[in-house]
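There are 2 protein chains.
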Amino acid sequence: MPETAPTAPAGSAVPPPPRPRRSWWGWGTEDKALSDGECAALGALVPGAAATPLPVPDVRSVELPKPRVTPPSSLAHLMSDTPPDRASHTYGKAYRDVVRALRGELGTAPDRVAFPRSEQDVVDVLDWAAGADVVVVPYGAGSSVVGGVEYRGDRRGGVVSLDLAGLDRVLDIDTISRAARIQAGVLGPDLEARLRPHGLTLRHFPQSFEFSTLGGWLATRAGGHYATLLTHIDDLTESLRVVTPAGVNESLRVPGSGAGPSPDRLFLGSEGTLGVITEAWMRLQDRPRHKASASYLFDDVKAATAAVRAVAQSGLHPANCRLLDPGEAALAGVAGGGRSVLVLGVESAHFPVAGRLAELGALVRDHGGSPAGGTGDAPGDDSAAGSWRSAFLRMPYLRDALARMSVISETFETACTWDRAEGLYEAVHRELGAVVREVTGAEGMINCRFTHVYPDGPAPYFTVIAPARRGAEAEMWDEIKSAAMEVLGAHGATVTHHHAVGRDHRPGYDRQRPEPFARALRAAKHALDPAGILNPGVLFDGERS
Amino acid sequence: MPETAPTAPAGSAVPPPPRPRRSWWGWGTEDKALSDGECAALGALVPGAAATPLPVPDVRSVELPKPRVTPPSSLAHLMSDTPPDRASHTYGKAYRDVVRALRGELGTAPDRVAFPRSEQDVVDVLDWAAGADVVVVPYGAGSSVVGGVEYRGDRRGGVVSLDLAGLDRVLDIDTISRAARIQAGVLGPDLEARLRPHGLTLRHFPQSFEFSTLGGWLATRAGGHYATLLTHIDDLTESLRVVTPAGVNESLRVPGSGAGPSPDRLFLGSEGTLGVITEAWMRLQDRPRHKASASYLFDDVKAATAAVRAVAQSGLHPANCRLLDPGEAALAGVAGGGRSVLVLGVESAHFPVAGRLAELGALVRDHGGSPAGGTGDAPGDDSAAGSWRSAFLRMPYLRDALARMSVISETFETACTWDRAEGLYEAVHRELGAVVREVTGAEGMINCRFTHVYPDGPAPYFTVIAPARRGAEAEMWDEIKSAAMEVLGAHGATVTHHHAVGRDHRPGYDRQRPEPFARALRAAKHALDPAGILNPGVLFDGERS
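Quick note, the sequences are listed as chains A and B, same order. Note that the first sequence covers residues 1 to 545 in UniProt numbering. Note that the second sequence covers residues 1 to 545 in UniProt numbering.
The hints are simulated quantities; they were obtained by calculation from the structure and are not laboratory data. None of these values were measured; they are calculated from a predicted model. In this text, a Cβ means the ideal position worked out from N, Cα and C, and glycines have one as well. Where hints are given, some of them may not hold.
With the Cβ distance kept under 7 Å, some of the chain A side facing chain B (calculated, not the full set) [claimed, not checked]:
#1 249
#2 258
#3 315
#4 397
#5 495
#6 507
#7 510
#8 511
Computed spacing ranges between beta-carbons, pair by pair [unchecked claim]:
#9 A:337 <-> B:362: 53 to 61 Å
#10 A:196 <-> B:332: 51 to 59 Å
#11 B:358 <-> A:171: 34 to 42 Å
Isolated chain A, as found in the complex (with noise of 0.2 Å):
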């Protein structure tokens, strides 16, 4: 098993512990998920949620549909048709896939799973799907909120799924350039801690960095944690090598380039419909050994965004810029009395930024926040930041545990200009909290933070709680999830700012999507997966598009 592989840090001379084992139906790992007492505990703060938390059901006994995939004796060796590896390949980890795994219902599994060693392996197994009539889902480490793993087609041919995690090399390390070679299904620590002895690091922290993959960001054009400058995957991309089924798909490693539409932009954000992504050089920075932050509360939401939008148009760029609504802010427990807080970050590989700090502590002062807090910056400080890192990469594991109480825990992110952005804000409390009374019957929560600004416009990450019918959980978050959809497209907001498209959000996407450009990436489509192969329903309609 891929999961519980373990994988020795070069220079290591001393193997590595054996890793925890990852959940077959939630996030994470099993030993960090909430034990039945704490869900239950968790339960009780929602009014209206379950007594008692769902029971997980045993991956050895689930239900799973007959294989209809026989692969040839040359491939045999990389498929598995194991129960764990197709119950645990079946869904991403959307709320309504972690309840639909704990229902037991996995009639969307996949045949088989294959674990290709080598970009060879992953060409001849899109060299037999194509020939075979057999759907190929590419698999990093399956974090999609969105279905982006999840074939829901009846292909007669059967499904594979393809998980890249034994592709997981750091191949070539150009310090001088600070770029590195890296194959597509590295987990992000994995990646990190190969790059640590150079000095280095992609720092592109997602808050699935544990369990996602290079080649899962580059796929779905991945935001990271860092609010400013470069935090999307796109930008840190030097080049691309994706297999396509007419043939492997190599970029030129420039740090930049005028010649033609680019061809990276293409396979950026393709979420494995057009190929599949086995390395890229990706660009680097020096790991940053300055670090300052401060927090700054406001009475007013509307006055914190105005200092947010100066902050994101001041030129300072810091790496941190995340406003917490009063609703996100009380959860959080960072403020109370409906008070919105914004946490600011400086970081530098080269110099001090306290002075940076002290620019950024002006302007938001200015727009009527008062200091709340701060770290200095001395090298290595980073404890307010390690402790909100740790906060950060927790939620999902309580997201889980509210699934286990039949609560629906949604979040949806978006990005809009700034000046729709109050509309937007406004829009989201007023329509989307009337739906989700009507839907569950209760108030509900939501709340919002900006997890990442722009010159021209905020992302907004909105969270919605709000108990759920037991056993109608999965149809409830769907009313709502739609509901959230037409609010965005009614504002002007984009669909997904970074969770990808996927199935979930076609209805919204194929809105966005201008018609042209949809008839040019079909014609694409068609031009690299003529058998249709690659995801059918993600980005694409149809069998064959």
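Using the hints provided, position chain B relative to the given structure of chain A.
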């Protein structure tokens, strides 16, 4: 004639004076071209140059092919077939364009020039052209140096140059989000004049600024003159409107999105082959109020390169970071004795920048740079930048004068990762130097400056100056150009960093572009432009791609 139509800046009550007449054969305006005497004096500086300048033909008496195109009466009012319009739209402004115009060789002149006044006019022209098998060459202000606006095929339906100069309005300014909706045909200075009253700037200043348009910048993925961070027009683009034969494509205006491959990135760099960009929402910035700059001398170009790399990787993001190699520095009159010069500049709309410049200065001195002067940090203090900018904008006029003296003056620009930069620099001097000697029989001059620097590599810009045999200028240029492309390709550098592909860079582009991507792009082209009327020969082979 759009070139001479006065356009009142927003808020101006007094009509501006009529504009100087644009040159039909060379760069810019006629009043700024060097006189015969000035040409001769310049030529005297180049051993082997001709003694007298080539004469400039009278545009009223040049020989043009008989126009094949008869527009329908509904479009006739948009079309011109006057010799000045046809002659001035025959070529871009590459060296070989200027030489052929001076020779009076205008066999590829468009049959008509269309001057749409609205987006609907563009739609109507494309509709008619698709039905009548007429080639349409989108034309901004004709500053292409890569054959981007010269159709060289023999489509019997004829050729229309589609001059977007009439679409030159700023339609909307959002001061909250700092963005504007701008028509594609606006020239750089007119755009800035309209943004200035709002305290805003696009801050995109390619060398062609005065005589190129927003649409041209977008279609060719232009690089501005800022050295770091936001310099590529790609990154300044919020959304695009593009008229394609398959319909109007309008992308959602948001600050960021992870919804599938970026629609805008397909059209950015499409060079008029996929559609006609008619307007864009562009990201603006506050006008800088604080500026400071400093220059440093290096005895060794390798040490200078290392210093520039340290600056580029420091995270300090200077607005200007230009390295002039010994030849370039000597030619610019800023240093002699084989020394290189590094010019650094910092800017901010909000904060004093002296501290930032001091941090950069410390870094450069650590790498062996000796301070050689600078300017301070008072608001508006930009005398050095101003004089440099004047010289920069004057260069194309000097190039034209050299052309009249039968001196080849070719520039080619590229980008490569830092690990290859030194090898490329040496290879260009060695290998291209040998070609220049062989082709021209003279030593010639090869200079280099870095125009942009990225954390992972520089964008070197080479200038080749060598005397040509009168009458064989274009042919000798072709040989040198072709050799330059070979050297770039062999050393892993891009065929173009910001000059686009056009027709002249096609051989190098075809090698650089990955084959599966080429296939996908051709399919996209066919989906959007099934009749193959849009700028055939650019990016793609053949008449119908």
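Cross-check of the supplied hints:
1. 249: Holds. Min distance 4 Å.
2. 258: Check passed: Cβ of residue 258 (chain A) comes within 4 Å of chain B, closer than 7 Å.
3. 315: 6 Å, holds
4. 397: 24 Å, violated
5. 495: 5 Å, holds
6. 507: Result: violated, 12 Å to nearest chain B Cβ.
7. 510: 10 Å, violated
8. 511: Nearest chain B Cβ about 9 Å off; hint violated.
9. A:337 <-> B:362: 53 to 61 Å: Given about 46 Å between the Cβ atoms, the range is violated.
10. A:196 <-> B:332: 51 to 59 Å: Check failed, 44 Å falls outside 51 to 59 Å.
11. B:358 <-> A:171: 34 to 42 Å: The hinted range 34 to 42 Å holds for residue 358 (chain B) and residue 171 (chain A), with Cβ atoms some 40 Å apart.
Hints 4, 6, 7, 8, 9, 10 from the earlier list are contradicted by this structure; the remaining hints agree with it.
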